[in-house]
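Chemist: Whenever a hint applies, use it, and build me the whole structure from the sequences.
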Amino acid sequence: MSARTSDAETGVNGDEMAEFDLSRLGEIPDPVSSFSGSGTPPPPTPSTMGDALTRGDMRRRRWLAIAGSAGWLVAVSVALGIRGDMGHGDSSHAALRTIVQVLLPAAAGATVLVVAMSAGARGLGSRTRILTSAFAIAATIFPLAALIGSGVFFDDRPGVIRAILTCFALVLVLGGVPLVALGVALRHAFAANAPWRSVLVAGGAGLAAAAALGSHCSTQCGTHVAVGHALPAVFLAFAGGAILHRVTRV
Amino acid sequence: MFALSASLFDFETALPAPSQAGLILVSEEHAPDGGRAEVDGAMGRYAEGDDSAFATIYAGLAPRLRMFLLRLSKSRPTADDLLQETFLRMHRARASFAVGARALPWSYAIARSVYIDHVRARAVRKESLVDRDDAMPGVDVAGGVDADGEAIAIARQTADLVSAILDRLPVNQREAFVLLRYEGMSVADASRILGATESAVKLRAFHAYEALRKALDMEHRKRGAKSDPARKEQRR
Numbered sequence: 101m102s103a104r105t106s107d108a109e110t111g112v113n114g115d116e117m118a119e120f121d122l123s124r125l126g127e128i129p130d131p132v133s134s135f136s137g138s139g140t141p142p143p144p145t146p147s148t149m150g151d152a153l154t155r156g157d158m159r160r161r162r163w164l165a166i167a168g169s170a171g172w173l174v175a176v177s178v179a180l181g182i183r184g185d186m187g188h189g190d191s192s193h194a195a196l197r198t199i200v201q202v203l204l205p206a207a208a209g210a211t212v213l214v215v216a217m218s219a220g221a222r223g224l225g226s227r228t229r230i231l232t233s234a235f236a237i238a239a240t241i242f243p244l245a246a247l248i249g250s251g252v253f254f255d256d257r258p259g260v261i262r263a264i265l266t267c268f269a270l271v272l273v274l275g276g277v278p279l280v281a282l283g284v285a286l287r288h289a290f291a292a293n294a295p296w297r298s299v300l301v302a303g304g305a306g307l308a309a310a311a312a313l314g315s316h317c318s319t320q321c322g323t324h325v326a327v328g329h330a331l332p333a334v335f336l337a338f339a340g341g342a343i344l345h346r347v348t349r350v
Numbered sequence: 189m190f191a192l193s194a195s196l197f198d199f200e201t202a203l204p205a206p207s208q209a210g211l212i213l214v215s216e217e218h219a220p221d222g223g224r225a226e227v228d229g230a231m232g233r234y235a236e237g238d239d240s241a242f243a244t245i246y247a248g249l250a251p252r253l254r255m256f257l258l259r260l261s262k263s264r265p266t267a268d269d270l271l272q273e274t275f276l277r278m279h280r281a282r283a284s285f286a287v288g289a290r291a292l293p294w295s296y297a298i299a300r301s302v303y304i305d306h307v308r309a310r311a312v313r314k315e316s317l318v319d320r321d322d323a324m325p326g327v328d329v330a331g332g333v334d335a336d337g338e339a340i341a342i343a344r345q346t347a348d349l350v351s352a353i354l355d356r357l358p359v360n361q362r363e364a365f366v367l368l369r370y371e372g373m374s375v376a377d378a379s380r381i382l383g384a385t386e387s388a389v390k391l392r393a394f395h396a397y398e399a400l401r402k403a404l405d406m407e408h409r410k411r412g413a414k415s416d417p418a419r420k421e422q423r424r
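In order, the protein sequence lines correspond to chains H and W.
Quick note, the first sequence lines up with residues 101 to 350 if you use this note's numbering.
Quick note, the second sequence lines up with residues 189 to 424 if you use this note's numbering.
Source of the hints: derived by calculation from the structure; they are not laboratory data.
Glycine residues also receive a C-beta, built at the ideal position from the N, C-alpha and C atoms.
Incorrect hints may have been included.
These stretches of chain W come out as covered by chain H in the derived footprint (C-beta under 8 angstroms, 3 or more residues) [stated by the list, open to error]:
(1) 226-237
(2) 249-255
(3) 286-294
(4) 367-381
Modeler: As structure tokens, this is what we get:
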């Protein structure tokens, strides 16, 4: 028998699978039932297992990471200067740009962080489907809204590519700090589904950085926002998530 | 944007009572609720920093986790090592145990993570997953004075066969099957532990079942052919 049993090999079709009654698993005998409970090794003592955080410690660390990250992003936004086009021109366009370039990524970032850090119904985090859906929605809604709602689709003035690349790099730098802070706060926090939950945490950091940059960068070019602000957040989600899950998994 | 509720940071989300609707099978040796509340409560206290709760947690979880690791690793010394590592990681991660959560699925998720790391480490070292020297023997069938010798031999062969087929299955199928069939987990719990969707878990268990069923049927036919003297005569 091949080690890998694909659908084709086992002759499984959708109907067969749908009709499968899981109680039939009981037909397979248990090869190790006779060993139950015999000779369980003695328990280690907690004092010999090293220091471990308590819930109170963890709560403080998380608050500190969130507050520190928010403080960092606000400080950088203020230092760079708040965009000057908000009070000028058509106020409805300015409001739309604020929503699309600042509030939307901020809300999406907060949402994915909540989903990633949620205990879920069984204390093992949100369902895989919810995690992947949250990521897919956050990763697509911001660039799409940016393309549609920023003003113009593509601004072909000279230097636009350089401006996009500068913003791309700025989002990575801005998002790197919250990513590290959250990585420290969430060390050994995810017993299950650590890869997806880490991708969401990193994506949340990237989206928060994109929102902070959106409060400074006074572009009306949809492509600039999609490629220079949203794309690095998605990149950070995957690249940061790949590293972060080594830290966050138990 | 970071106006997250305090509950998020300490996982104090009100957890609903675990659904029993998805419960599939419970191994005979594991009572479904035997001491569960006590272990869950102890785990909650342990997460708050009460080290004295550890003994209760170990007594409640260690036998089941050991069986789980034994079923996956097929080696008693390895299972014991992995058990120690599991409790070490549980200690390290105790702060992330959610208030009101169940300790068993959480500890299974950690044990599974420990086993996956063990598999990866072995793959890197290009070692076999089962140490042949300490490989688990077949099932010990209670053989009393009246025990039928042939029945014992058949049971032992069957157990060895199941063990061998499980060994050859991909890890994701094996762990899904073991959790549903032997550990008495519901599909919902197993899917959370494995970090997969419920349909993926069912499919993996189904594939494992199909492989095992085929092997057992083949063995049964072979045995039937051997014990049928008329057929033996025909072959001659």
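Chemist: Now tell me if each hint is right for this structure.
Modeler: These are the hints, each one checked on the structure:
With 3 residues having a beta carbon nearer than 8 angstroms to a beta carbon of chain H, the region 226-237 of chain W meets the requirement of three or more and the stated coverage holds. Proximity of the region 249-255 of chain W to chain H, defined as three or more residues with a beta carbon under 8 angstroms from a beta carbon of that chain, is established by the 4 residues found. Look at the region 286-294 of chain W against chain H: 7 of its residues bring a Cβ nearer than 8 angstroms to a Cβ of that chain, three or more, so the hint holds. By the rule of at least three residues with a Cβ nearer than 8 angstroms to a Cβ of chain H, the coverage given for the region 367-381 of chain W holds, with 9 such residues.
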